[in-house]
Amino acid sequence: MAAKPPTLAQHLCFKLYSTSLKMTQLYKPMLAELNLTYPQYLVMVVLWEEEGLGIKDVAERLQQDSGSITPLVKRLESEGYLLRLRDPDDERNRVLTLTPAGKTLRAAGLRISQNIAAACALTHGEVMGMMAGLDQLNDKLSD
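Numbering (this note's numbering), first residue to last: -7 to 135.
There's no promise every hint is true.
[To be verified] Lysine-lysine pairs mimicking DSS-like chemistry, simulated, CA-CA at most 30 Å apart:
| hint | residue 1 | residue 2 |
| --- | --- | --- |
| 1 | Lys48 | Lys132 |
| 2 | Lys132 | Lys7 |
| 3 | Lys66 | Lys95 |
| 4 | Lys14 | Lys48 |
[Said to hold, decoys possible] The calculated label-pair distances, taken between Cβ atoms and stated as ranges, are:
| hint | residue 1 | residue 2 | range |
| --- | --- | --- | --- |
| 5 | Pro(-2) | Ser58 | 17 to 25 Å |
| 6 | Asp131 | Phe6 | 19 to 27 Å |
| 7 | Gly72 | Lys(-4) | 52 to 60 Å |
| 8 | Asp82 | Gln55 | 44 to 52 Å |
| 9 | Asp135 | Gln56 | 14 to 22 Å |
| 10 | Asn107 | Ala(-6) | 45 to 53 Å |
Derived from the structure by calculation, the hints contain no laboratory data.
Where a beta carbon is used, it is the ideal one built from N, C-alpha and C, also for glycine.
Build out the structure end to end from the sequences listed, making use of the hints.
Below is the structure:
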């Protein structure tokens, strides 16, 4: 007897996809109040962690190509959250620096993180376990 293909519920890719959609939808109304999209928010999270990065560095941290990050950065600049300045070490590169408005936005980002954590209703240990498992999967898929 031939083996049956896995059902939709048995596909890891579907579990990841549907959960990602739900998480993004959870963020959407909170980020709308800040006039940010989810990808823009992720750029801001990187810059709240470390300023002065180039677009290429931000793209690498977000596991994206710089071509997909550049429009996000330009929009964030037009919103007044960051500046793209010439790199003093390499005139061809731009470094990203937060404006005062971008720095102030960090407090709102913290509140969003707290709201998301509350909505997930998971213990710190559960969150850390899931993140470790996803990091491991990400690493294996990167090989």
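Okay, the hints, checked on the actual structure:
no.: 1; hint: Lys48 with Lys132; verdict: 23 Å, holds
no.: 2; hint: Lys132 with Lys7; verdict: 18 Å, holds
no.: 3; hint: Lys66 with Lys95; verdict: 17 Å, holds
no.: 4; hint: Lys14 with Lys48; verdict: 29 Å, holds
no.: 5; hint: Pro(-2) with Ser58: 17 to 25 Å; verdict: 36 Å, violated
no.: 6; hint: Asp131 with Phe6: 19 to 27 Å; verdict: 21 Å, holds
no.: 7; hint: Gly72 with Lys(-4): 52 to 60 Å; verdict: 56 Å, holds
no.: 8; hint: Asp82 with Gln55: 44 to 52 Å; verdict: 23 Å, violated
no.: 9; hint: Asp135 with Gln56: 14 to 22 Å; verdict: 19 Å, holds
no.: 10; hint: Asn107 with Ala(-6): 45 to 53 Å; verdict: 48 Å, holds
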